[in-house]
Amino acid sequence: MQTANLAINCRGVSKTFNATTVLDQVDFQLPQGSLGALLGPSGCGKTTLLRLIAGFETLDQGQIWLGQREIANSHRQVPPEQRQIGMVFQEYALFPHLTVGQNIGYGLSRQTHKQQRIDELLELVGLSGLAQRMPHELSGGQQQRVALARALAPKPQLLLLDEPFSNLDAGLRDQVRTATKQILRQVGATALFVTHDQEEALSLADQVTVMLGGKVLQSATPHELYLRPTSRAVAEFVGEANFLPGVARENRVECALGQLLLTKPMHGPVTLMIRPEALNLVPDPSGHGQIMGQRFYGHDQLIDLQIGNLTIAARTGPRLDLAPKMQVGVSVQGPVVAFQAE
Amino acid sequence: MVFKHLRFRSGRWSALFLTISAGLIALIMVLPVGYLLLRTSEAGSTAWAQLQRPSTLRVFTGSALLAITVTAGSLLIGLPLAWLTTRTNLPGARIWLTLIMLPMAIPSYIGAWAIIAVLGPRGLVQQWLEPLGVERLPEVYGFWGAAGALILFGYPYIVLNVRVALRKLDPALEEAARSLGQRSSHIFWRITLPQLRPALAAGSLLVILYALSDFGAVSLLRYNSFTRAIYLQYRASFDRTGAAVLSLLLVGLACGLLTAEALSRGRARYYRSSAGVSRQPKLVGLGIWRWPALIFCAIVVLFAVVLPIVAIVAWLIIGLRAGQTWNLQLTDLANSLLAASLAALVTIVLAFPVVFLAVRYPSRLTSLIERATYVGYALPGIVVALALVFWGANYLPWAYQTLGLLILAYAVRFLPQAIGSLRTSLLQINPRLEEAGRSLGQPAWRVVLSVTLPLLRPGIISGAALVFLSTLKELPATLLLGPTGFHTLATDIWNNTAELRFSQTALPALLLMVAAGASLALLLANERKT
Numbered sequence: 001m002q003t004a005n006l007a008i009n010c011r012g013v014s015k016t017f018n019a020t021t022v023l024d025q026v027d028f029q030l031p032q033g034s035l036g037a038l039l040g041p042s043g044c045g046k047t048t049l050l051r052l053i054a055g056f057e058t059l060d061q062g063q064i065w066l067g068q069r070e071i072a073n074s075h076r077q078v079p080p081e082q083r084q085i086g087m088v089f090q091e092y093a094l095f096p097h098l099t100v101g102q103n104i105g106y107g108l109s110r111q112t113h114k115q116q117r118i119d120e121l122l123e124l125v126g127l128s129g130l131a132q133r134m135p136h137e138l139s140g141g142q143q144q145r146v147a148l149a150r151a152l153a154p155k156p157q158l159l160l161l162d163e164p165f166s167n168l169d170a171g172l173r174d175q176v177r178t179a180t181k182q183i184l185r186q187v188g189a190t191a192l193f194v195t196h197d198q199e200e201a202l203s204l205a206d207q208v209t210v211m212l213g214g215k216v217l218q219s220a221t222p223h224e225l226y227l228r229p230t231s232r233a234v235a236e237f238v239g240e241a242n243f244l245p246g247v248a249r250e251n252r253v254e255c256a257l258g259q260l261l262l263t264k265p266m267h268g269p270v271t272l273m274i275r276p277e278a279l280n281l282v283p284d285p286s287g288h289g290q291i292m293g294q295r296f297y298g299h300d301q302l303i304d305l306q307i308g309n310l311t312i313a314a315r316t317g318p319r320l321d322l323a324p325k326m327q328v329g330v331s332v333q334g335p336v337v338a339f340q341a342e
Numbered sequence: 001m002v003f004k005h006l007r008f009r010s011g012r013w014s015a016l017f018l019t020i021s022a023g024l025i026a027l028i029m030v031l032p033v034g035y036l037l038l039r040t041s042e043a044g045s046t047a048w049a050q051l052q053r054p055s056t057l058r059v060f061t062g063s064a065l066l067a068i069t070v071t072a073g074s075l076l077i078g079l080p081l082a083w084l085t086t087r088t089n090l091p092g093a094r095i096w097l098t099l100i101m102l103p104m105a106i107p108s109y110i111g112a113w114a115i116i117a118v119l120g121p122r123g124l125v126q127q128w129l130e131p132l133g134v135e136r137l138p139e140v141y142g143f144w145g146a147a148g149a150l151i152l153f154g155y156p157y158i159v160l161n162v163r164v165a166l167r168k169l170d171p172a173l174e175e176a177a178r179s180l181g182q183r184s185s186h187i188f189w190r191i192t193l194p195q196l197r198p199a200l201a202a203g204s205l206l207v208i209l210y211a212l213s214d215f216g217a218v219s220l221l222r223y224n225s226f227t228r229a230i231y232l233q234y235r236a237s238f239d240r241t242g243a244a245v246l247s248l249l250l251v252g253l254a255c256g257l258l259t260a261e262a263l264s265r266g267r268a269r270y271y272r273s274s275a276g277v278s279r280q281p282k283l284v285g286l287g288i289w290r291w292p293a294l295i296f297c298a299i300v301v302l303f304a305v306v307l308p309i310v311a312i313v314a315w316l317i318i319g320l321r322a323g324q325t326w327n328l329q330l331t332d333l334a335n336s337l338l339a340a341s342l343a344a345l346v347t348i349v350l351a352f353p354v355v356f357l358a359v360r361y362p363s364r365l366t367s368l369i370e371r372a373t374y375v376g377y378a379l380p381g382i383v384v385a386l387a388l389v390f391w392g393a394n395y396l397p398w399a400y401q402t403l404g405l406l407i408l409a410y411a412v413r414f415l416p417q418a419i420g421s422l423r424t425s426l427l428q429i430n431p432r433l434e435e436a437g438r439s440l441g442q443p444a445w446r447v448v449l450s451v452t453l454p455l456l457r458p459g460i461i462s463g464a465a466l467v468f469l470s471t472l473k474e475l476p477a478t479l480l481l482g483p484t485g486f487h488t489l490a491t492d493i494w495n496n497t498a499e500l501r502f503s504q505t506a507l508p509a510l511l512l513m514v515a516a517g518a519s520l521a522l523l524l525a526n527e528r529k530t
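Chains as they are written, first to last, in my numbering: chain S, 1 to 342; chain H, 1 to 530.
Some hints here could point you the wrong way.
If we take Cβ atoms under 8 Å as the criterion, some of the chain H residues that face chain S in the derived model are [unchecked claim]: (1) Glu435; (2) Gly437; (3) Ser439.
No lab work stands behind these hints, which were simulated from the structure alone. For clarity, every value in this text was computed on a predicted model and none was experimentally measured. We treat Cβ as the ideally placed atom computed from N, Cα and C, and that holds for glycine.
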């Protein structure tokens, strides 16, 4: 990765609150023009990293660059207002005493085309004509869009979003997510959002960074993260996964499901990771798998299988030829990921 | 490069600046205590002798008992009144609100005088009942008289603080509790009341300090609490040591109470953290309970408001019948208003750094600074005034006997009122709003001006109004520190009362109550608007 193209670059960032290490030697990069997600369970340090980048917390160790500009190290911190980093807060933090238009115009100090810019942004987020409303007169989705417009108004180099969709109900969430992504693409913004929702991270972001216990585990495109996780923890956190033991030799591995192809050559005892949808099931009275349970969702279903003393889950489309107690033949599609056994 | 270095850490610099300015303010506030210590240490053995007298212990326990009784009484009256006028469909809630807040416009010395003039021996009621064969009414002098009078003038502090908090309370919390299947009474005790804790604590603290420092009511009702004892000591001899020792004890008592309150404050946070902007809560339907509620309001208003007005009107009539003449004291009225406005302005300005520091940068040091600013209020006005006379005469001869020094005395006394109001408001402003402002490219000071200050407005206004009212009513500092020939309504009333010209007291008393009542109405109208 070329440093010249990085919008944000964090090197060895550590942060401690009252003797609790929240971030431990974190390295994190996000290329210019992309949409990044920081994914992790609550308490993993993702929000702290976001607030460090924004300038609301001070780091204990490490450096942060915004483009070519160093904005924080352990000695100097550029104050948040001089960073040109916009932020959309989880609770939106709209100024309750200002109208929608005034909220959006807040970061545009005495610009000549201030009103024009406000109108432009209102149109961008689809709220034209609501400039005179007060924030409490808007719905949750509308408030979120005002917060987005307000953060985008001063044309920040980087936009940060802290759990931006968590305050919306499920039906609205998908719609607002898509709209938000569209808006960010339209203005060509580089943005980084924090979420604990893996579906949200995978479906929205160009780059997903998984954090756990104050460390970055993996940073990759959604496809790579899902199909080629570099650790068992990432595989477990992102999507569903079956783990089974095997013995690897070169590109092949021997396991309860027979001989399978590996994604990269390995040797000795390994743990295999197989996604449920990579398993193909065929009804077969002499098959070595038995169906123990079935969870039917409509567009797909999860089948719990017993193979020897191993329990694994398989995902198939809706079909009528599978039922509990049935014997099935099991095969694996594509190469599988393996981790060195602990 | 060095300067760039400094600028980069502006967050810490603003904290440092706040700490220094708040520390200086706290220092000015504890100045009177320093004076007391100085006087006492100079006295040495005389001071010890004074401390060991049994009368000193009696004064101490008597004052503590009075403060506790007055606070309990004020909470019992103030909390239901605040809730009834804010969150229920009480008939005529707005009128009741105005009426129950009116005692703030009545100085305690007028109130106590009214109690004696109406309910005391030879009072109006006694005169009416005499033909019916009633020889004696229950005693109004002493503990219960003083406690009763102070409760009637203390409960509005509770109402004011609790109302601000109730209006800012997130209705979603109560709704959440209701949705969890809790009964209304349970919700009140478990959800609403804990959320009101900062407001109740701030209000109680004001009432306690008020009860300890009040001079007018206790001296007129002849209850020997600290302020009366100090005044008698000071007047009885030229030796100020006895007064200083008693004053120090009083400060110690106040400090003990402040510490207890600080320990009970806990660590909870009270700003809203949910999305968007708070809705207005729904009013509770009182149903059949509106009748007891109305009777309760009426009884409070009868004693706190009607009684003094009846006394004033009756004495005006008695005076008119006797051919009494009054010179219209317009300059005195103007002096009162000028001093009160300046005091409100200066006090609010001084309160800002202290409150910002205590709320946004909480630590042991900042809490100590905030506590220190409360000490001045616990001192009786006469002690603050004496201390400033001493300091002014010795160290600031150019300021001595000027309006400036008088304003400083008011600020020392009433800063906690401004701090209490501002603190309650600032606690409820989510710091994310300030962060949002800074992430939009505005420096910290401009964010404070454009976001924090407008949102603090209810707190600023109620704080300023409180200080304005207190200053109008203030007596001892005005007497001792006013520039020569500077008369206010309060000093008029005092001079006339001291010379037992009760009917001459009525007109300045009326003017004072009208002026204070007008500002109170302004405050309530403003509160309604926001």
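Status of each hint after checking the structure:
no. : hint   : verdict
1   : Glu435 : holds (5 Å)
2   : Gly437 : holds (7 Å)
3   : Ser439 : holds (4 Å)
Hint compliance for this structure: every hint is met.
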